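K.L.:
Residues per chain are reported as follows:
There are 4 protein chains.
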Amino acid sequence: MSHNSFGNLLKFTTWGESHGDAIGCVVDGFPAGIPIDTKYIQTRLDLRKPGQSKFTTQRKEKDEVNVLSGVFNGKSTGAPISMIIYNSDQRSKDYSEIKNKFRPGHADYTYYMKYKNYDYRGGGRSSARETAMRVAAGALSELLLKKISKNKIKVTSAVIQIGNEKIENSTWNNNFINKNPFFSPDKSILKKWKELILTHRKKGSSLGAVIEVRVSNCPVGIGEPIYQKLDSELSKAIMSINAVKGIEFGTGFDLVNYDGTNGSDQINFENKKIKFHTNHAGGILGGISSGQDIIFRYIVKPTSSVLSEKNTVTKNFKNTKIKTKGRHDPCVGIRAVPVGIAMTNFVIADLLLIHKSKLL
Amino acid sequence: MSHNSFGNLLKFTTWGESHGDAIGCVVDGFPAGIPIDTKYIQTRLDLRKPGQSKFTTQRKEKDEVNVLSGVFNGKSTGAPISMIIYNSDQRSKDYSEIKNKFRPGHADYTYYMKYKNYDYRGGGRSSARETAMRVAAGALSELLLKKISKNKIKVTSAVIQIGNEKIENSTWNNNFINKNPFFSPDKSILKKWKELILTHRKKGSSLGAVIEVRVSNCPVGIGEPIYQKLDSELSKAIMSINAVKGIEFGTGFDLVNYDGTNGSDQINFENKKIKFHTNHAGGILGGISSGQDIIFRYIVKPTSSVLSEKNTVTKNFKNTKIKTKGRHDPCVGIRAVPVGIAMTNFVIADLLLIHKSKLL
Amino acid sequence: MSHNSFGNLLKFTTWGESHGDAIGCVVDGFPAGIPIDTKYIQTRLDLRKPGQSKFTTQRKEKDEVNVLSGVFNGKSTGAPISMIIYNSDQRSKDYSEIKNKFRPGHADYTYYMKYKNYDYRGGGRSSARETAMRVAAGALSELLLKKISKNKIKVTSAVIQIGNEKIENSTWNNNFINKNPFFSPDKSILKKWKELILTHRKKGSSLGAVIEVRVSNCPVGIGEPIYQKLDSELSKAIMSINAVKGIEFGTGFDLVNYDGTNGSDQINFENKKIKFHTNHAGGILGGISSGQDIIFRYIVKPTSSVLSEKNTVTKNFKNTKIKTKGRHDPCVGIRAVPVGIAMTNFVIADLLLIHKSKLL
Amino acid sequence: MSHNSFGNLLKFTTWGESHGDAIGCVVDGFPAGIPIDTKYIQTRLDLRKPGQSKFTTQRKEKDEVNVLSGVFNGKSTGAPISMIIYNSDQRSKDYSEIKNKFRPGHADYTYYMKYKNYDYRGGGRSSARETAMRVAAGALSELLLKKISKNKIKVTSAVIQIGNEKIENSTWNNNFINKNPFFSPDKSILKKWKELILTHRKKGSSLGAVIEVRVSNCPVGIGEPIYQKLDSELSKAIMSINAVKGIEFGTGFDLVNYDGTNGSDQINFENKKIKFHTNHAGGILGGISSGQDIIFRYIVKPTSSVLSEKNTVTKNFKNTKIKTKGRHDPCVGIRAVPVGIAMTNFVIADLLLIHKSKLL
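Protein chains in written order, with the working numbering: chain Z, 369 to 728; chain B, 369 to 728; chain F, 369 to 728; chain Y, 369 to 728.
It is worth saying that the hints were derived from the structure and are not from the lab.
Wrong hints could be hidden among the right ones.
As the list claims (entries may be wrong) - Quick partial rundown of chain Y residues pointing at chain F, CB under 8 Å, derived from the structure:
1. 400
2. 532
3. 584
4. 585
5. 588
6. 600
7. 608
8. 623
9. 624
10. 634
11. 639
12. 642
13. 658
14. 672
15. 674
Unchecked claim - Okay, the calculated beta carbon distance ranges per label pair:
16. B:728 to Y:405: 28 to 36 Å
17. Y:547 to F:517: 52 to 60 Å
18. B:515 to F:517: 23 to 31 Å
19. B:691 to Z:544: 39 to 47 Å
20. Y:408 to Z:728: 17 to 25 Å
21. Y:587 to B:689: 46 to 54 Å
22. F:480 to Z:728: 38 to 46 Å
23. Y:532 to F:520: 38 to 46 Å
24. B:728 to F:539: 37 to 45 Å
25. F:570 to Y:422: 54 to 62 Å
Everything numeric in this text was worked out from a predicted model, so none of it was measured.
Just so it is clear, CB atoms sit at the ideal spot from N, CA and C, and this is done for glycine as well.
Use the sequences and the hints to build the structure in full.
P.N.:
Encoded structure:
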């Protein structure tokens, strides 16, 4: 039973609401002896932190993480690692209207119907603020993977499409991704994206995005068929991120345009290594990593919080209108990038431990 | 830890290999007092059964299910329900070549690397034959949902694209789906699909397909945020089906072409009911069912078993060529339809029990 | 996979070390709409709090609990409930000797061998200080049971033996239990227990205790056979408490002195109720509650921290001697009483939710 | 959620009723490459098999196990291992009376109240017949432990008390245990036990028993605190066995007669090994194996099925009398011995895999 926990041998549990006192997580099943650099966790959080550029929400949160347990003498002890971030810039007044109305496209209506008593302030538990703790937990799993794989396994991710502006595959540049506020791997598209976002921000609207994740040097054998397949677990992980509406691996939905002859990846043995001619499969065969790069993409819908007036209903089921003022991301997909990286690292670390346990 | 089990409060575990003595499953956590009609389970299995038309594999399996436990006086007892299907048409000789070579696009290479000793005959554990037991388990969960929802909740699914031939949304006809060998909801496309499949079958190739699932009358409130969201659990379920490479909900990947103003579903209260103007969200908000139809699509890649010769490698890591003879589906996506229905029913039944447990 | 979590549909996860900054827990799967009275949780914690009488440890901890999430407008929201207690009186210097030596009877040696890097201060993670958070989580589950059962289900517990001084069954007085520092149900034994404890405290030694738990008005049907039996889950829960070395239900080990004729509980129907003649079974048949009082006992060993010198070994595996100074409980079993109550409430609440989910 | 499954990384699920067609289990998470000798599994089952001497039930079951999946070329493949035993000697007529009456001391009443529709024949799902599949699953885990520990880890178990006749600790002889129908480690007590059992059998009554389990050469470090402690998991396992009413580790309940000075185990380093002076702790400190022998005892109550007439109630809640004829064990504790061994092997194998997964 997971509810608010994710993972198996390695597991994290998050807690906290957008406008409560604090948010936090507990990472359990973390091996002892792993160097834990709190500053590194903070750098990962800083990548997701709001209020950093005019392309993201103007809510200002320091997102300063405290590690409260499970670390001794700079290393993990095998005990649960508890982390906490105190909320600082809640400004609850901005959200007063949502006390009585359901924001279209948000979870207000379903939370109300399921729980009746729920914390509506800033979206409460359903707010993407929860994803900060995924980044913290993901950073821990990254430190674990670094240690186990001797720095080999590397998860990279970038935005590849905003609105209808998509990068060409050939223009992907790993080194550029963290050097621009869009996590774009392609310098040439920046101008278009800036214009798109500023235009939408100005009119109080928002944009969707497609994000790609690539994992290099993942060893062969990660993933437990039939119901803990690597792609199955990654899908569960990514689809749990706010606003994500789809995921595809390798050639994905476009595979419907291929046939059996050209849609699978032929194999050769070269220089003492298995070499796949192509990567339609996205690095996963039968739910198990094949040693190729693991590649997948996911779509983050445009934020539903926009300035234009929309039809909705009150908690007393009267028809009404709503404009969501607040401070919102014009393209929330951008800030999803570090979250997707975190979840990917976590899934791989968890499945790696499971795989390891079965080796004689 | 799931491995070969799926579900939480309601759980099934499958076992068995394609060319072993039998395949089976155990369904646990099933409430007592539900009428169990074995014939109904059989009719669901028959929909997936191989060898029924020239558009699917020619392997002949009766797929006759036996219920071995958990049912007494025609009703469930709350004890685990064990079901078994004996394999009858294994013809192992057809697969002799795969003993020493890895079939491209299949799990042979990854299973060999992960397990060393694995049953390669007919793909063994990684064969889609395993999905027969999902259909059996799914049929049980369907009987449970029927009872709980008084026949209201209904999962429907159809193939909406084969190769590059896609149906128009407006042509969807529920009643036609089970009246044609393609599970097509659109009579007008049949001719094109027949031609496509027969052409590919003739040249020993295969085709991909896109499948859509629709759930009607799912009550509001199903799904447990943050890590047991309804879409997250459905994605895990569907992505665990053989050859599936992507999934999307509601408007899915196409949402990148919408903005925040037109990409969310406005709400009204009409005739004492909540009414959504559109269904971009696919019936799920914040991971919880909204009462709208739940809608998602998934891509099934073209079978990798084709007659054209491909490059591959032996278990001794020598380069070689392979042609996969055997008896294969020219469009395996067709037979995935009842499997997707089964998994969807199971996920909803499981999450419904969880939801119910928390109601005071 | 549980590690530091306990429960199924209702689950808590604890974190924190004896001499770290704080200890805490996250309770997940808690239904929405339950009134949460933080003061009540505090009163439960106060029962376990150290430093309250000369019969327990002199460590002074306020054990002030903060609820950080999951509660809104005084009621639970269905979101995880995070609670934290900051440590205030750590006095690490008292424990400096245990940095390099293994205390006999404690977990030092096994933690060192398992984790190498572990927090030895005050026993770190293995300290009974962790049980404070069980009491907090248990108090929440008690509030839930009160609501669901309309105040009917009631867990009572008392010390029934300290050293070789045991109460007579006939002298059990529910009302007296919370009116004395020993949680004794029998006023007449107090004098003997006081003398025993003060004598042992004076010579720096300690005493074991036997504790009995009684649950009244538990409805019939709680417990899920075969591997979530009520007695099985309670045993797992109680045996996880520090220093507990055994548990027995109903007549327990003494049943070996009965035969099949007199060792089972005959049944009658009287005044529209099932009436059992005796309660050898402890209120559980086939792992399911029978409606009788659930009765079990557990043994808490004498604290191993004593002033007399003992043989032990250093972390460099040299033979040495150790005296454990610190501030310790002369009879740690006394403070286990509220912990056992908490775990019992939690197990019953969890299994009650599971049972409820399966009712049609 | 376990219900009818036991274990974590290594898990088994049992199914089947006493008088149904068959009973079976699925063992999941079993590593690949372990030699699986079906004959060995059969020898373990034969130890528990009914009808072997006049000291056990006269029901005749061949208990012939079939392995249906997960084994290829004589070795495990990492896929789930399904095992089945067909029931042969059901004789349902013997149990006709229990269709309408609740047998005192049995689960009839609680199953009826929980499930309404349940298989009452021979106790159905609540029958100890289910434990045959635990023995089969336990045998697999034993094969796994043999391989991993190079035949070092060894679980031994014996009956140490029947009725009021108890063996002396000093008379324990490992080699004698499997050479007598009582699993007695002490030849000198056989005469008394025979008399006791034959006397009770003659008058249609039954006897309780205490069983001791010893695990030698378990490595240090097995067990995951706080809620997967080795003793906690073993208690859960053993308490799930039919008719078990208590468990204690090491000195157990008798520790209440010790004080902190003499009740803990002092340590020395001798001949390059840690040596404990005593074993009050039963080989477990802080929930983790210490390398000492793991020692625990459990009580199996006298079978409630006896020939003397008892008061009970019908399903219509009328008072009535019942005599349980059938074929029953005069001392069911004897046949519990191989079941306790199986569960112990399984717990240790499971926790060993978990421990292994965290080693860097």
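K.L.:
Identify every previously stated hint that the structure contradicts and give their numbers, smallest first.
P.N.:
1, 3, 4, 11, 16 and 22
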